[in-house]
Amino acid sequence: MHRAPAYSLQGVTRAYGAVRAVDGLTLAIARGETTALIGSSGSGKSTVLRLLLGLEWPDAGEVRRDGIALRREALLEERRRVGYVIQEGGLFPHLTVLGNLALLPGYLGWSRSRIHRRALELAELARLPSGLLERFPAELSGGQRQRVALVRALMHDPPTLLLDEPLGSLDPLVRHELQEDLRAIFRRLGKTVVLVTHDLAEAAFFSERLVLMRHGRVAQEGSIEDFLRAPADDFVREFVAARRELPGRAA
Amino acid sequence: MSRRLATASLLACLLVAVLVAGARPAAAATVTIGSKDFTESVVLGEVARLAALERGVDARHRRSLGGTRILWRALLEGEIDAYPEYTGTIGHELLRDLPRDAGIGELRARLRALGIGIGEPLGFDNGYAIGMREETAARLGIADISGLAAHPSLHIALSNEFMDRADGWPGLKAAYGLPMEPRGMDHALAYRALASGAIDATDLYGTDAEIAYYDLRVLNDDRRYFPRYDAVYLYRIDLEQRAPGFVAALDGLAGSIPASRMRSMNKAVKIDGEAEEAVAARFLDVAHAGRAGPGLLDYTLQHLALVGISLALAVVLAVPLGVLAARRPRLGQVLLGLTGILQTVPSLALFVFMIPLFGIGAVPAIAALFLYSLLPIVRNTHAGLVGIEPALKESAAALGLPPGFRLRRVELPLALRSILAGVKIAAVVNVGTATLGALIGAGGFGQPILTGIRLDDLGLIMQGAVPAALLALAMQGLFEAIERVLTPRGLRLRAAS
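One line per chain: the protein sequences are U and L, in this order.
Just so we're aligned, residue 12 is where the first sequence starts under our numbering, counting upward by one.
Just so we're aligned, residue 242 is where the second sequence starts under our numbering, counting upward by one.
Since the hints were derived computationally from the structure, they do not count as laboratory data.
Only a predicted model underlies this, so the values are computations on that prediction, with no experimental measurement involved.
Where is the CB? At the ideal position from N, CA and C, for every residue including glycine.
Careful, some of the hints might be misleading.
Which residues of chain L face chain U? A few of them, derived with a C-beta cut under 8 angstroms, are [to be verified]: (1) 642; (2) 654; (3) 732.
Isolated chain U (complex conformation) (with noise of 0.2 angstroms):
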């Protein structure tokens, strides 16, 4: 069951004036599984997502998709490789939800039944009311957003999903529901999908592979069972204690 990763990153360092967002980070992203990076803000989790859709470059060390270090001249086919999904949805508000799913359709020549027929499918899959196509972002829940910008992120149909903490500002309920939709979306689909959250708990929901970041370098990587039996350090202990403080002491 070893495959060669979807993406890798070399040595990679990203720094931002004096601060070093990403630090000789060493990571393998595997091809068709989730994978979910975890950390608290400032961890470079972020960073991550935007090497890997070059919307940042590496100061130093390599970005590689199938091996092959990532080239700015290809950057707008390597963008398209990839559904990306951000914490409020990045959604257009000036355009209705049929016309965000179909800017990246529309550009690429799709003719308009063609946009329309894979709008109607992903909203079946999506579970999203095929009658709000027509509304405007600001007139949907932020939930139904979320579904929309998945939606909107599927349409090309990427090999990757990037998902940068998608449900972060979702109320507890409504979040509830779609991680297990979500979940379901991405079994079935059989996509790369990197998804960063600051929850632990979240993250081993959806991943057998977490990947704990601190100062931009791997703390510790592994399923939530390495995580909480071996602990790397006293850092991913405290993280892995932070996390599971609230429900040791209902029970």
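Given the coordinates of chain U, work out where chain L should sit on it, guided by the hints.
Chain L alone, transformed into the frame defined by chain U:
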């Protein structure tokens, strides 16, 4: 969205077409006469036009073009062929390094080198003088200009031209040792201020109609400071070949207008409200067409053309400049700085700067208004683009869309409100600034305002000022309507939530 934009741009094109048609050029005439923006100059312009007509020369008169500089430049550039001028102005303002006692022969020789001819004096001296209310002068016992020096608390207001010119205030102050600090004021308004007691003394011209009307005392120039200002016509020397009949007509006027006659003609126009053309025709004892002056519709079309064309051109250049400024921050600072500097140029000066480049008329006015419109549009385009949430810009980039497509479909629509607000500011400001276009012959609502100031006719001023104000309000309303139509519903929803 794109269909709406297409409709809007189609409408804009139609509007511009209508406006261009509105700014139709006047029919070509053999000779173009200009005049300065005061009554006597306009009357003399009409006298020349009608005298030429008598000799079968087709002449037109572009009246009230502005001050000396504007007329002189226009004459040198060939925008006009002739205009009435005064020997003192020629000797001291136009040809600077002349001896103080230069005669007309010397002027003629010097002007000839510039391609300009000068006719014989018309018969009156409209030199500068200083005038006070008779009552004040009698009470203080002031008969001579030197008498002013003993009353430093007197309020003096002077026409702006007199304040600055070499033979004006600076020389007068030195010659008589006058201690006052005068204010600048429009010549016609100064009479009112004098009559109401707001000021005590002002500069006058020897043939001003108001001297008798307001019961003014002309102070004696006891140190013979003021040079002579004999009225003459200046004309382009090529007229001697091109329109010899016109030059002959001007020659025929030499020595025919004594000061008393000029003063009564000035009074007929300025105080009694007769048309310049009628007064000039009576002087020449010829019939005149009783030509109807331009009406409100003409002024409105001219004004709309000035504002509309300059604004359309400014949008075409300023929006791309705003985009460039947003894309390249360092270049953006330079661009915003440059357009900001343009904005600080006083508008009258900017209009005058355009004359050597574009002559006189609508074109230089449009150029000046265009430059004025750049800043608000560039700045608002820049601000609108820079103000887009980074997450949205990044989402568009992450989709793998090329920059141009992102700009058209995401960034410009999101910045549209800000851009339209900039265009609206430019439009409303332009409506006001365009009234200055009348000073350089561009017409519009400034024309009745200017004539009204010249004739001291409040009603005429209102005929320009009220429509200009209404047009500014209409512009505001129009752009708010455009904003409502063009702003995507999704953005309005978001603003409401």
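We went through each hint and held it up to the structure:
1. 642: holds (6 angstroms)
2. 654: Interface hint status for residue 654 of chain L: holds (5 angstroms vs cutoff 8 angstroms).
3. 732: holds (5 angstroms)
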